[in-house]
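With the hints as your guide, set chain B onto chain A.
Residues per chain are reported as follows:
Protein chains: 2
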Amino acid sequence: MPIHTPINELFDIRHPIILAPMAGVSGGALAAAVSNAGGLGVIGGGYGDRDWLTRELDAAGNAPVGVGFITWSLAKQPDLLDLALERAPKAIFLSFGSIGSFTARIARSSARLIVQVQTVQQAREAAGEGAAVIVAQGAEAGGHGGSRATFPLVPAVVDAVHPLPVVAAGGIADGRGLAAALMLGAAGAVCGTVFYASVEALADPKAKDTLVAASGDETQRSSVFDLARGMDWPKPWTVRTLENAFSRRWGADLGGLRDKLAAEQRRYAEAREAGDFSTAAVIAGEAADLVRSVRPAAAIMADMVDGAAALLRDPPALRAPAQRRPV
Amino acid sequence: MPIHTPINELFDIRHPIILAPMAGVSGGALAAAVSNAGGLGVIGGGYGDRDWLTRELDAAGNAPVGVGFITWSLAKQPDLLDLALERAPKAIFLSFGSIGSFTARIARSSARLIVQVQTVQQAREAAGEGAAVIVAQGAEAGGHGGSRATFPLVPAVVDAVHPLPVVAAGGIADGRGLAAALMLGAAGAVCGTVFYASVEALADPKAKDTLVAASGDETQRSSVFDLARGMDWPKPWTVRTLENAFSRRWGADLGGLRDKLAAEQRRYAEAREAGDFSTAAVIAGEAADLVRSVRPAAAIMADMVDGAAALLRDPPALRAPAQRRPV
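Quick mapping for you: the protein sequence lines, in order, are chains A and B.
Counting along the first sequence from 1, when you hit position 306 you're at 306 in the numbering used here, and nothing is skipped either side.
Counting along the second sequence from 1, when you hit position 29 you're at 29 in the numbering used here, and nothing is skipped either side.
This is chain A alone, in the form it adopts within the complex (with noise of 0.2 Å):
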């Protein structure tokens, strides 16, 4: 028996996983990896580069994949909702910010709406304002987020949006983390950092090398690297990335930052050209330490599948004591 939950459904997908939207990274190859891997890839439309997005739909193929919008973005690009739409998407996914002004049009469309959330009452908002799916994104994922975390959070947003499908975002990179996402009451998981490191993502090769040998004990939440790159994101979302020495220098003092922000924008735009790491920032989570290497989507997928299939199956804590390995 795999494992199955609405979104399998909803989706059409064998396995209950949502590739997370990474602006820039989540390409169409990527994506199209995760669908005919048996989950639903999003392509990661972040800030709206009309050209990226197309030949990333483009990328694709036929792979049914749906498409990410970072929401207050694309409310200064609304046009390109029409231009994802065209594709006939599965999903349009929407995180951080009013998805109000395009509900409408997604409704009207074939693609089920997936609203990201960082609270309850954001939950409670997007389940009245016509979400299909609520993803329940915990503050330890990668790029931008909130403050409140993975564990708690599911199960509250479980509650409050029920009998909504609720997906777990934040901290899941294996099959131990799918499998307590299922327990939490969530209908499958987000995954982003995990995907970072595949082969198919745009990430830059030394950014993936540089995930791999990291712990999420190396990661923060901040606004350091959104002034680097010039983004003006409204509060009180942050960017969880791996710590480096960029942001050692400046992220407790943000106000000198600013203060020398033209300079040190050039220089990071330079490092980021350059794939110097020690100033660019490698956009990861705290499920860093699990993982180990570079490896195709499918590969992450099934590794993914089987490890939570196993323990949901036959979960260690219900075997007599005789029965477990001794400790």
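For the record, the hints were derived by calculation from the structure and aren't laboratory data.
All figures in this text were calculated on a predicted structure; none of them were measured in a lab.
Errors might be hidden in some of the hints.
Any copy will do: because identical chains look the same in the list, a pair fits if it lies in one copy or spans two.
[As the list claims (entries may be wrong)] Computed cross-link-like contacts, SDA-like style, restricted to lysine to any residue with a CA-CA straight-line distance of at most 20 Å:
id	residue 1	residue 2
1	Lys-260	Met-231
2	Lys-235	Leu-257
3	Lys-260	Ala-63
4	Lys-235	Gln-220
5	Lys-235	Gln-121
6	Lys-260	Glu-129
7	Lys-76	Lys-235
Same frame as chain A, now just chain B:
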């Protein structure tokens, strides 16, 4: 088949649930109630009040309990460890600080050493110094803690200290949480917030009611209440509480609070005495959403164990779609 992990044998308990040693809240009556219900009750020795500890050890009666200490505070009154060990506790539970000066005495006793950590690196160190059980505590926990989150921290610590048993702390308040912790590889759960709202807890009844009415959206981790209480906590630990008028006033302006410290500490102490929780802290974690009433500890234990066992025996995600209730 009951839920059974390596800590069942280690502590001779029926259920792998450990009471968090909440300072001033986990007294002898609560610790005894948790132990009598099949878990491991732990008295919260906290900041080391000899009279309080003696009284609460007496109050636990013949129930087999453990004793918890704030490690950096115990270092100032190390003889309190002898006071505890004289009662032959099941466990000594140390959190927040260097354990090196205590391990030899504990190793000579019949008590098992439980060490609570907030990072993978701390877990490795505690394992090397002789901990029998590692508690991996996520930042969603109520009271003092670090910055890493339970969901990704637990499996990373499990991998780092294998085969030592790892118990999850932070965000666990019901059967879903216990089952999820076990899926992550934990050998059980440490629970604080849900027992804060127990009949037996030594918290002010108004504080318990305030917690029951609160959402995890309304908690914050800060040093504001340590300043207000005149507690000289070392970095990097902060305390998670419910937000209230006091934390909203000073949480983002610790410098301003320091400027008026004597007056504000006086005001805080008076509010605490008067049970005014618009100023005094309710020390609770993000699991607040899951705590809906004040109940006897035995009822909390029974629901948690029964809920987890039901989920583990028959995971909803392994049922065929027709067997599931419609969404």
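Okay, the hints, checked on the actual structure:
no.	hint	result
1	Lys-260 / Met-231	within (16 Å within a copy, 37 Å between copies)
2	Lys-235 / Leu-257	within (18 Å within a copy, 24 Å between copies)
3	Lys-260 / Ala-63	neither (45 Å within a copy, 62 Å between copies)
4	Lys-235 / Gln-220	both (17 Å within a copy, 16 Å between copies)
5	Lys-235 / Gln-121	within (16 Å within a copy, 32 Å between copies)
6	Lys-260 / Glu-129	neither (42 Å within a copy, 45 Å between copies)
7	Lys-76 / Lys-235	within (17 Å within a copy, 42 Å between copies)
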